[in-house]
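> The primary structure of each chain is shown beneath.
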Amino acid sequence: MALALQTFPTVKDANAALQAAGTRYLGGGTLVVRAANQGDVSVSSLVRATEPSLSAITVSGGKVRLGASVTMAAIARHPELAWLAPAARAVGGPAIRNMASVGGNLFAPAPYGDFAVALLALDASVAAEDGEVPIETFLAGRDASRSIVTSVTFALPRQESFRFLKVSRIKPKGISVLSIAALLERADDGTITSARIGLGCMADRPMRARAAEKALLGCRLTRGEIAPALAVANEGIAPITDPVASAWYRAEVLPVHLGRLLLA
Amino acid sequence: MAKVPVQFTLNGSEKAEFIDSGTTLLHALRDKIGDTSPKGGCHQGTCGACSVIVDGELRLSCLTLAETCNGAVIRTTAGLAEGGVLHPLQRAFLDAFATQCGFCTPGMIMAAKVLLDRTPSPSREEVVEALSGNICRCTGYEPIIQAVLSAARSNSQNVA
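These protein sequences, in sequence, are chains B and D. If you use this note's numbering, the first sequence corresponds to residues 1 to 264, in order. If you use this note's numbering, the second sequence corresponds to residues 1 to 160, in order.
Quick caveat, the hints were computed from the structure, so don't treat them as lab data. A portion of the hints provided could be inaccurate.
Part of the chain B face toward chain D, derived, beta carbon under 7 Å [as the list claims (entries may be wrong)]: (1) Leu5; (2) Gly29; (3) Thr30; (4) Arg34; (5) Asn37; (6) Gly39; (7) Val41; (8) Pro94.
With a straight-line cut-off of 16 Å between C-alpha atoms, the simulated EDC-like cross-links for lysine to aspartate or glutamate are [to be verified]: (9) B/Lys171 - D/Glu14; (10) B/Lys171 - D/Glu82; (11) D/Lys32 - D/Glu14.
Note that the Cβ used here is the ideal one computed from N, Cα and C, for glycine as well.
Bound-form chain B, shown alone (with noise of 0.2 Å):
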């Protein structure tokens, strides 16, 4: 492997020098490295920021701001995030969550991402050196990104308005069959008001389930209710195939585990 690192004290300053063909930016090493060591010859060099903002996770004012270069084990050891924990501890083993960052799981192919996938149900917005955007454009447009992401913000959400679940045949760490992210807001009667559903593995990025959504509002989480809901789950999706999974698996089993985590 030929690699050449530079490190700098800012982000403004290794955004200058990411502009350079060949070169990626360096999070925690677990998407870049490992396409070098695979022999991914369009990364010639590499620059990282040590800036300690890309670091820090600020909870305060009903908002959560996670740098980017913070990773999966310190959300999941958070104590105002345990909320989250789930979605963190999916991604990778022990060793994998100490390096694996936000920014990182952001740029993720499926099956990977799983994180984002929270990101996604929670409304994200992503913060780079050009400008902040919804998570959804970020996705949308990151093969094209030339900016370093710099952190995510999204609203605190209300006591278990939040549901994670991830699939995979391998217990407790594996690949994911697919993941589905849920925020759901209810009246006081148990009807839902406003519903955000993230999946993964659904397409190459994590997408929405906008069909799904869009009927469950008005719905009580019963079997019945939910029942139009999971009938338009597989709506606008395009699964991966993978070893751990074909297209159409991850499709017949998507309403099961939507339901499952709906019902939970």
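With chain B fixed as given, assemble chain D onto it according to the hints.
Same frame as chain B, now just chain D:
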């Protein structure tokens, strides 16, 4: 390729080397420093055979660039025995027949050490979780799990 300096503490000894920029910690340890206890298995972050402890945290040395470890304190399985006496985890792995081909063993022991340093009396579930990033193709895992539980019991008896 430009050479860059790296300096860290490895198993209690100061190490300083000039390496090619972009060298992984695994290659720096094995090829420059001569500590061959971390194994290069998949080089993809999947098998855990290259696991080492960096500043108290388990990391995969195959995906860690050595330059990012400047000033760090690194522990590998090669540094566990003291004065010719095996570490309790090493002893337990031998006693429980938790080693067959041995390739995964150093990574397993590092993962187990981090667990026992933080959770001296882990449950079986905690052991399974701690070892979940390490693959063994020989033992079927049960002897390894039993070895870690045995080392934990042995530690607690020694403390008592």
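> Is B/Lys171 close enough to D/Glu82, meaning Cα to Cα at most 16 Å?
This hinted pair is violated, its Cα atoms lying about 35 Å apart.
> Does the structure keep B/Lys171 and D/Glu14 at a Cα separation of 16 Å or less?
violated (39 Å)
> With a cut-off of 7 Å, does the beta carbon of B/Leu5 approach a beta carbon of chain D closely enough for the hint to hold?
holds (5 Å)
> Are B/Thr30 and chain D close enough, Cβ to Cβ, to be under 7 Å, as the hint says?
With a closest approach of 5 Å, the B/Thr30 hint holds.
> Given B/Gly39 as an interface hint, is its Cβ closer than 7 Å to any Cβ of chain D?
violated (10 Å)
> Less than 7 Å between beta-carbons is the criterion; does B/Pro94 satisfy it with respect to chain D?
This hint holds: B/Pro94 lies near chain D, its Cβ roughly 5 Å from the closest one there, short of 7 Å.
> Hint validation: B/Asn37 versus chain D, beta carbon distance must be below 7 Å. Holds or violated?
holds (4 Å)
> Report holds or violated for the interface hint on B/Val41, using the least CB-CB distance to chain D and a cut-off of 7 Å.
Because about 13 Å separates B/Val41 from the closest Cβ in chain D, which is outside the 7 Å limit, the hint is violated.
> Is the straight-line distance between the alpha-carbon of D/Lys32 and that of D/Glu14 16 Å or less?
Roughly 14 Å separates the two Cα atoms, so the pair holds.
> With chain D as the partner, please determine if B/Arg34 meets the hint condition of a C-beta pair closer than 7 Å.
Holds, because the Cβ-Cβ distance from B/Arg34 to chain D comes to roughly 5 Å (cut-off 7 Å).
> The hint names B/Gly29 as touching chain D; please verify it with the least Cβ-Cβ distance against 7 Å.
holds (4 Å)
The structure fails to meet hints 6, 7, 9, 10 from the earlier list, while all remaining hints are met.
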